[in-house]
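J.: Chain residues, written in single-letter form:
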Amino acid sequence: MSGMEAYISDVVKSIAPSGIRRFFDLVSQTEGVISLGVGEPDFVTPWHIREACFYSLEKGYTMYTSNLGLLELREEIAWYQKRTIGVEYEPEDQILVTVGVSEAIDIALRALLQPGDEVLVPEPCYVSYAPGATLAYGKAVPVETFDQDQYRLRPDSLAAKISPRSKVLILAYPNNPTGGIMYREDLEALTDIIIQNDLIVISDEIYSELTYDGQHVSIASLPGMKDRTIVMNGFSKAFAMTGWRIGYACGHPDIIAAMTKIHQYTIMCAPIMAQKAAIEALRHGEAQMRKMVEDYNYRRKLIVNSLRQIGLECFEPRGAFYCFPSIEKTGLSSEEFCARLLTEEQVAVVPGNAFGYTGEGYIRCCYAASVSNIEKAVERMGSLIQRLKNQ
Amino acid sequence: MDLQKRILELIEHDARLSAKTLAIMLEEDEDKIQKLINNMEQDKTILGYNTVINWDNIGYDGVTAMIDVKVTPEREVGFNSIAERIYRFPEVRCVYLMSGTYDLSVIVEGDNMKDVARFVSYKLSTLENVQSTVTHFVLKRYKQDHFIFEEAEVDKRLVVSL
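Just so you know, the sequences run in chain order R and Z. Sequential numbering from 1 applies to the first sequence in the working numbering. Sequential numbering from 1 applies to the second sequence in the working numbering.
No lab work stands behind these hints: they were computed from the structure. Backbone N, C-alpha and C define an ideal beta-carbon position, used for all residues, glycine too. Since no wrong hints were added, every one of them can be taken at face value.
Straight-line C-alpha distance at most 35 Å; calculated DSBU-like pairs for lysine-lysine:
hint: 1; chain 1: R; residue 1: 291; chain 2: R; residue 2: 376
hint: 2; chain 1: R; residue 1: 376; chain 2: Z; residue 2: 20
hint: 3; chain 1: Z; residue 1: 70; chain 2: Z; residue 2: 114
hint: 4; chain 1: Z; residue 1: 140; chain 2: R; residue 2: 291
hint: 5; chain 1: Z; residue 1: 44; chain 2: R; residue 2: 376
hint: 6; chain 1: R; residue 1: 291; chain 2: Z; residue 2: 5
hint: 7; chain 1: Z; residue 1: 143; chain 2: R; residue 2: 301
hint: 8; chain 1: R; residue 1: 301; chain 2: Z; residue 2: 156
hint: 9; chain 1: Z; residue 1: 32; chain 2: R; residue 2: 301
hint: 10; chain 1: R; residue 1: 59; chain 2: Z; residue 2: 143
hint: 11; chain 1: R; residue 1: 301; chain 2: Z; residue 2: 44
hint: 12; chain 1: Z; residue 1: 5; chain 2: R; residue 2: 82
hint: 13; chain 1: Z; residue 1: 20; chain 2: R; residue 2: 329
hint: 14; chain 1: Z; residue 1: 32; chain 2: R; residue 2: 376
hint: 15; chain 1: Z; residue 1: 156; chain 2: R; residue 2: 13
hint: 16; chain 1: Z; residue 1: 143; chain 2: R; residue 2: 376
hint: 17; chain 1: Z; residue 1: 143; chain 2: R; residue 2: 291
hint: 18; chain 1: R; residue 1: 59; chain 2: Z; residue 2: 156
hint: 19; chain 1: R; residue 1: 376; chain 2: Z; residue 2: 35
hint: 20; chain 1: R; residue 1: 291; chain 2: Z; residue 2: 32
hint: 21; chain 1: R; residue 1: 291; chain 2: Z; residue 2: 156
hint: 22; chain 1: Z; residue 1: 140; chain 2: R; residue 2: 59
hint: 23; chain 1: R; residue 1: 301; chain 2: Z; residue 2: 35
hint: 24; chain 1: Z; residue 1: 44; chain 2: R; residue 2: 291
hint: 25; chain 1: R; residue 1: 291; chain 2: Z; residue 2: 35
hint: 26; chain 1: Z; residue 1: 143; chain 2: Z; residue 2: 5
From chain Z, some residues computed to sit far from chain R (all C-beta separations above 12 Å):
hint: 27; residue: 54
hint: 28; residue: 75
hint: 29; residue: 80
hint: 30; residue: 139
Let the hints inform the model, and build the full structure from the sequences given.
T.: Okay, here's the thing in C-alpha cells:
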C-alpha cells in the first residue's frame, strides 16, 4: 500500500518534525567537519562504571527489576538528592527509575494532563517538552526568556502566560541551549505565582552538576514546593552516560504512582545493566565527575572569550556545556548562518531557532570538544564573520 | 587549588597549551602565567617537555628493556651514587629506586636487542656495586603516559544532536 498517511493519528501529524532535520542531513554529507553541534559530553563513560556493568553481566544480572527500579539504586538516588539539593525522598514510593529523563518527562505529562491542559515552557529550551505536551493531548505555551536576563525565567513573563487551563510549568535549568541557570532568588520569585495558580512543576535538572557559579538550587527545596515539584535527573550529562538511557523522577507518592502505572505497561523497567552502572556512578563516580566538570569549566571560559574576540556577543553561560552567542549582527538568520558556516568553513553548530522561536538570531555552540577543536572552530567562524562584514 | 598546581595539571596532559590559552581558561593574567611557567622551568619543577610517540607507525623497531638491578648501597650516600652512575648513560631512559625484591628499576632503550644486551653486560653488570640484573624486554606497548596506542581516539558521537 502506498500513501499510508491517512492512517497516522492526528495528534502525531500535528507535531512538526524536528526543525533542523535538513541541517542534520547537510552536516552528515559534509566532510572534515569540526562539530560544536553535539548535545553530549566528549568523555566516554568512566571506566569503573563500564566495568561495573560488565561485572553485573558476568554475575548474571540480566533480568527485569521492580517497575520502580532496583531498590539499591533508589536508595542511592535518595541519598544523592538529599546531599545535593537538600530534599528527602522515600526510596519506596517517591523515586521512579526511568529510561532517561526523556521518558520521565513523557510519562509525567501523560500522568498529569487532561486534554487541553496547558504546559508552560520557558524558551529557548530543549526540544522535547512541547511535543511531549502535544502527545499527552495538552498544549504547550511558550514563555519567553531573554539574553539580557541571562535567560532566567522572569515572574512577570510567567504570569503573563497563565490561563485557567495552565497546569504544568517546566523548568529546565541549567538550560540547554543557553547555559542559563536559575539562582535561589530567581526561583523564590516564582513560587508565589506557582502556588497561587496551583501549578505542578516539572524540574528537569539533568545538567545540575554542570553548574559553574555556586551550587545548583532545585525549586523542590523551597518552602511549599516539594509536593508540587517532580524533580528529574539522570546520569547522561554528569557521568557521561548518554547512551545508557538512565534517569529518574522524584516526587509526591501519588504522582510517582500514576507515572509508574504508565511506565509499567510501556517500559516495564529501565535496563538492569544501566541500573547497575548507575549505582556505581553514584557510589564511586564523584571524583571523576568533578574532574570532568572542572574540565568543562576551563573550556567554557575559553570558548566565551574566543567568541567575543571574533566579535560575537555572548552572555556568559553558568551551566551545562553550551554557549549561545548572538549572530544577529551578521544580518543572517540562524539557519542561514549555520548553513554557510558548515559549507564555507566546515564547522557545525546548531541554529538557535531549533529551540523555539525566541532562539532566532542565536546559535548553540557546545564546548564539550577538545581545546584545539574549539580554537579552530571559532577561528573559522571568525573568517566567515569577517567575510560577511566585507560584503 | 593553587594556580601552579592547576597549570601543571593542564600542561601535564597537553604541553602545547599556550600561556594565552591557559590564561583564558584559568581566568588569570597571561604575563602572570608565563612568569610562573618560566619560574617552574628554572627551578626544575618543570623538567622539560617531550612527545609520546608510536614509533611502530614509521617502521622503527627500537627496543625497550626494563632491568631489575640489585645493588649494594654505599655508606653515607645509600643508593644515590650508584643510581647516578647508571642514569648518566644516555641509553637509560628512567631509573627508579624500588621497594621489594630488587633495588633499582632501569629502563633502557636501544636500536636493537644487541645494543641493550651489550649495555647490560658491559656497562651495567660490571659496575662494582651491582650484584645482579634481570632484563625484561618490552614486547608491546598498550598505554603510555595516559595515551592508548592502538585505539585511535575517534569521536563516536553523532555530529549533531540536541
